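Each chain is listed here by its residues.
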Amino acid sequence: MFNKVLIANRGEIAVRIAATLQEMGIIAVGVHSDPDRRAVHFRAMDEAYSLPGNTSAETYLRGDKIIDLARSHGVDAIHPGYGFLSENEDFAQACQDAGITFIGPSPRVIRDMGDKIIAKETFAKAGVPVVPGWAGSTDIGIAALKQEASKIGYPVLIKAAAGGGGKGMRIVNAEGELAAALEAAQREAGSAFGDSRVFMEKYITRPRHVEIQIFGDAHGNAVHLFERECSIQRRHQKIIEESPSPALSPELRQKMGSAAVMAAKAIGYTNAGTVEFILDPNGSFYFLEVNTRLQVEHPVTEMVTHRDLVRAQLAVAAGQKLPFTQEELRQDGHAIECRIYAEDPGRGFLPSIGTLARYVEPRGPGIRIDSGVRQGSEVTVYYDPMLAKLVCWARTRDEAIEKTLWALDRYAIMGVTTNTGFLRDVIDHAEFRRGNLHTHFLGEHSIGGNGSAQPPEAAVIAAALHVRQVGGGRQSARAADIASSTDPWETAGAWRGV
Amino acid sequence: MSEVLLRVSGSGEPIAVGVERPAFSAQDEVRVTLADRAVDVEVIELSEQGGLIRAHGRVHPFYTLRDGGSVHVWMHGRTHVLEIVERTARRATEGGGAAAAVQTALTAPMPGTILKINIAPGDRFEAHQPLIVMESMKMEMTLSAPHPGRVKDILCRTGQLVEMNALLARFEDSGA
Numbered sequence: 001m002f003n004k005v006l007i008a009n010r011g012e013i014a015v016r017i018a019a020t021l022q023e024m025g026i027i028a029v030g031v032h033s034d035p036d037r038r039a040v041h042f043r044a045m046d047e048a049y050s051l052p053g054n055t056s057a058e059t060y061l062r063g064d065k066i067i068d069l070a071r072s073h074g075v076d077a078i079h080p081g082y083g084f085l086s087e088n089e090d091f092a093q094a095c096q097d098a099g100i101t102f103i104g105p106s107p108r109v110i111r112d113m114g115d116k117i118i119a120k121e122t123f124a125k126a127g128v129p130v131v132p133g134w135a136g137s138t139d140i141g142i143a144a145l146k147q148e149a150s151k152i153g154y155p156v157l158i159k160a161a162a163g164g165g166g167k168g169m170r171i172v173n174a175e176g177e178l179a180a181a182l183e184a185a186q187r188e189a190g191s192a193f194g195d196s197r198v199f200m201e202k203y204i205t206r207p208r209h210v211e212i213q214i215f216g217d218a219h220g221n222a223v224h225l226f227e228r229e230c231s232i233q234r235r236h237q238k239i240i241e242e243s244p245s246p247a248l249s250p251e252l253r254q255k256m257g258s259a260a261v262m263a264a265k266a267i268g269y270t271n272a273g274t275v276e277f278i279l280d281p282n283g284s285f286y287f288l289e290v291n292t293r294l295q296v297e298h299p300v301t302e303m304v305t306h307r308d309l310v311r312a313q314l315a316v317a318a319g320q321k322l323p324f325t326q327e328e329l330r331q332d333g334h335a336i337e338c339r340i341y342a343e344d345p346g347r348g349f350l351p352s353i354g355t356l357a358r359y360v361e362p363r364g365p366g367i368r369i370d371s372g373v374r375q376g377s378e379v380t381v382y383y384d385p386m387l388a389k390l391v392c393w394a395r396t397r398d399e400a401i402e403k404t405l406w407a408l409d410r411y412a413i414m415g416v417t418t419n420t421g422f423l424r425d426v427i428d429h430a431e432f433r434r435g436n437l438h439t440h441f442l443g444e445h446s447i448g449g450n451g452s453a454q455p456p457e458a459a460v461i462a463a464a465l466h467v468r469q470v471g472g473g474r475q476s477a478r479a480a481d482i483a484s485s486t487d488p489w490e491t492a493g494a495w496r497g498v
Numbered sequence: 001m002s003e004v005l006l007r008v009s010g011s012g013e014p015i016a017v018g019v020e021r022p023a024f025s026a027q028d029e030v031r032v033t034l035a036d037r038a039v040d041v042e043v044i045e046l047s048e049q050g051g052l053i054r055a056h057g058r059v060h061p062f063y064t065l066r067d068g069g070s071v072h073v074w075m076h077g078r079t080h081v082l083e084i085v086e087r088t089a090r091r092a093t094e095g096g097g098a099a100a101a102v103q104t105a106l107t108a109p110m111p112g113t114i115l116k117i118n119i120a121p122g123d124r125f126e127a128h129q130p131l132i133v134m135e136s137m138k139m140e141m142t143l144s145a146p147h148p149g150r151v152k153d154i155l156c157r158t159g160q161l162v163e164m165n166a167l168l169a170r171f172e173d174s175g176a
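Chains as they are written, first to last, in the working numbering: chain U, 1 to 498; chain S, 1 to 176.
Worth flagging that the hints you see were computed from the coordinates, not collected in a lab.
Owing to the predicted nature of the structure, the values given are computational and were not obtained by experimental measurement.
You may find that some hints are simply not true.
Said to hold, decoys possible - Restricting the straight-line Cα-Cα distance to at most 20 Å, the calculated cross-link-like pairs of lysine to any residue (SDA-like) are: (1) S/Lys116 with U/Ala184; (2) S/Lys116 with U/Glu183; (3) S/Lys116 with U/Ala179; (4) S/Lys116 with U/Arg187; (5) S/Lys116 with U/Ser191; (6) S/Lys116 with U/Leu182; (7) S/Lys116 with U/Gly190; (8) S/Lys116 with U/Ser196.
To be verified - Sample of chain U residues with no beta-carbon within 10 Å of chain S, all distances over it, derived: (9) Thr20; (10) Met24; (11) Tyr49; (12) Pro52; (13) Gly63; (14) Asp112; (15) Glu148; (16) Ile152; (17) Glu276; (18) Gly283; (19) Glu457; (20) His466.
For every residue, glycine included, the Cβ atom is placed at its ideal position computed from N, Cα and C.
Extracted from the complex, chain U is given alone in its bound form:
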């Protein structure tokens, strides 16, 4: 096993990975940017080294600097976490060339799966159902592209070949919108990924997003750790994930799990990965993409399988066999994860930045919080505004819902606007409780914003007591508020509710 592992990440995932390393007696080495000098992930490490600069591009994306640090401090392996360098095949290759183990799949697998067009072809060849679509060069011209789109049938979804997180994605409902949508998607993809290639797919209405956690080792073994349902999304990003999915029968679970494992074996997949599917209302599932990393939502799988996925990643990366066989894995109880974001649901989920003047986490049996912040932490414009993940486990889905609501009601975050009230409204919704989920859930049920809620009498009394105690004059204002009454997502067309 490794002696020293560097975590090339920040925030909650860096804290979470460090915990497993330290439990295993491995030295956890962290890196930090200038604004992260006082971050929670810095203090969670055994050793930490500076990446000078503020932006991701200057710091956590500097693979060269990270490898230099690893080499000069005797690091055996690098865990990339999610985001940043986690799906960058050049970085994985550079680690290998420097004699450092990259904790993840091989550079070849990362490259092939990172290209959504190649990934789709690979899975189709392995016999996994894929969404009907078109991929090729857009140089064929708009007339030919219109023909291809009609062949697929509207509505058509344009996606970036190198994409993720909804960037470079557009829904086209009719031929007249195609040219403008293509242009916007290409521009956005080019600026986000440095690769403006796009492809088209049949757009499936009211789909569920169901993904299978896979794991492979270098000895030819591959297993799945069941599914996660991640249908609740805003701006194409997941905010609530759960396992098991309320939509899967044991037969369908078996079918989807086997398809994912079959494909994993076909491509020689090693380490942790996720095969994403869309599931239509008739129970047909289609391959969407592979994420060659540990996912943000991995805790729901850990909670229902009682396995530490980071520990398994380290074992596999060190050349050991998978620590579990398919027969040993069980799905026990139900887990729901909520992503706690510093954002304003009342203003199009615009990120909210500032200082966490109050930060109090709920505690109780079955509640796990993976957090990258504490009271006094700064939420800056430099990084993703996710603060923490609240994961609740219980015997049944209903009980897991009740526990999540209980925990959200006791999660106090002040100084920035967060989505805790919004998450509560979603989870308490009758259709959510019934398990009737799909990726348009938020748009369809128009849950959004809780700014107009009338405060309860006790809150008004509390405010009055505060004013009596502290005085009524203007106090020092915080610089956190974002001053504009415009809703930047409002006119962004395809962003909302997809």
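Following the hints, position chain S against chain U.
Chain S alone, transformed into the frame defined by chain U:
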């Protein structure tokens, strides 16, 4: 009897909350009047950061945060924003709250790059008309007109990197 005037952020009439300590009562009991209705409240803890009160047997832990002229109160999982209405300002604001809706400028809601400017000085625009497209955190956002108006001047150019709250364009005074 001392009165505190509070207004739910963004809504109309202020709420007058009277706070007094009744004679011969326990040390931590206060009588609060809300819309001429009296509530007996036991103040178990109270500091700048928050406190704990009990009313009708119900227990209410809370946190408070001061933000300029507002108090943010977190209670039972929600944060409520209450504006402190200054006594002198009361008369002025009672007249009508509609005036606040007019914006005199367009500012950047996030730091980012200006991608496209759809307006020029002197242009008239309709409400919701897309005025400026910018990119922030690798996502495009369209800044639309909050209401009809006319452009006074443009203070940014395409490709420019702007800070949060940077002034991008100014509007003529309404009615101009």
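Going down the list of hints, with the structure as the test:
no. : hint                   : verdict
1   : S/Lys116 with U/Ala184 : holds (12 Å)
2   : S/Lys116 with U/Glu183 : holds (14 Å)
3   : S/Lys116 with U/Ala179 : holds (18 Å)
4   : S/Lys116 with U/Arg187 : holds (12 Å)
5   : S/Lys116 with U/Ser191 : holds (14 Å)
6   : S/Lys116 with U/Leu182 : holds (17 Å)
7   : S/Lys116 with U/Gly190 : holds (16 Å)
8   : S/Lys116 with U/Ser196 : holds (19 Å)
9   : Thr20                  : holds (30 Å)
10  : Met24                  : holds (35 Å)
11  : Tyr49                  : holds (26 Å)
12  : Pro52                  : holds (20 Å)
13  : Gly63                  : holds (19 Å)
14  : Asp112                 : holds (24 Å)
15  : Glu148                 : holds (25 Å)
16  : Ile152                 : holds (25 Å)
17  : Glu276                 : holds (21 Å)
18  : Gly283                 : holds (34 Å)
19  : Glu457                 : violated (6 Å)
20  : His466                 : violated (5 Å)
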